[in-house]
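A.B. asks: So in our numbering, spot 85 of the sequence shown is number 161, and the numbers just go up one at a time.
One or more of the hints may lead you astray.
What the hints assert, rightly or not - Distance windows between CB atoms, simulated: (1) Arg143 - Gly91: 19 to 25 Å; (2) Tyr88 - Asp161: 30 to 36 Å; (3) Asp93 - Asp154: 31 to 37 Å; (4) Arg157 - Pro190: 32 to 38 Å; (5) Asp154 - Gly116: 25 to 31 Å; (6) Ala192 - Asp117: 26 to 32 Å; (7) Leu102 - Ser148: 18 to 24 Å; (8) Arg92 - Pro142: 20 to 26 Å; (9) Pro120 - Pro174: 32 to 38 Å; (10) Gly153 - Ala130: 16 to 22 Å; (11) Pro190 - His118: 35 to 41 Å; (12) Ala165 - Cys79: 29 to 35 Å; (13) His114 - Ala192: 19 to 25 Å; (14) Gly116 - Arg78: 30 to 36 Å.
Keep in mind the hints are simulated off the structure, nothing from the lab.
The beta carbon of each residue, even a glycine, is placed where N, CA and C say it ideally should be.
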Amino acid sequence: MRCDTGDALTEYGIGRDTAFAGAVLLVVSELVANAVRHAGDHSPTVDVTVAVGAGQLVVGVADRDPRLPDLSPEALGDGLRTVTDLTAAYDGTLRVEPAAHGHGKAVVARFRVPGAPRGSSPARPLPDALDRRTR
77 MRCDTGDALT EYGIGRDTAF AGAVLLVVSE LVANAVRHAG DHSPTVDVTV
127 AVGAGQLVVG VADRDPRLPD LSPEALGDGL RTVTDLTAAY DGTLRVEPAA
177 HGHGKAVVAR FRVPGAPRGS SPARPLPDAL DRRTR
């Protein structure tokens, strides 16, 4: 996943050796690890999607498990706390959305791309810019 995500970042003009790319790659790693750990019994695959638009980079990790993670600050484990901190460091958000494939959910991290103007329009729904499955 990290390699595929790194390739997608490079295609979008984001250097792999930047702090921003490092943050995005860590977020993807944490979200995939959580999906495998907590949804693995219900979801044999995890879908990772990366999109860039309107000054934002959006990463979605979807599984077929209908159970929603608790994103309240007091319920966060170390992994989701790290994800929340990294998205906030880039003026971003973390939320849960219905999965594009119609079953389960996607945990979606949005980041403002460094150098992009503040107040840019939100990125559109996630396209299949990167559609890799893992288990």
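A.B. asks: Which of the stated hints cannot be reconciled with the structure, identified by number in ascending sequence?
C.D. replies: Hints 1, 2, 3, 4, 5, 6, 8, 9, 10, 12, 13 and 14 contradicted; others consistent.
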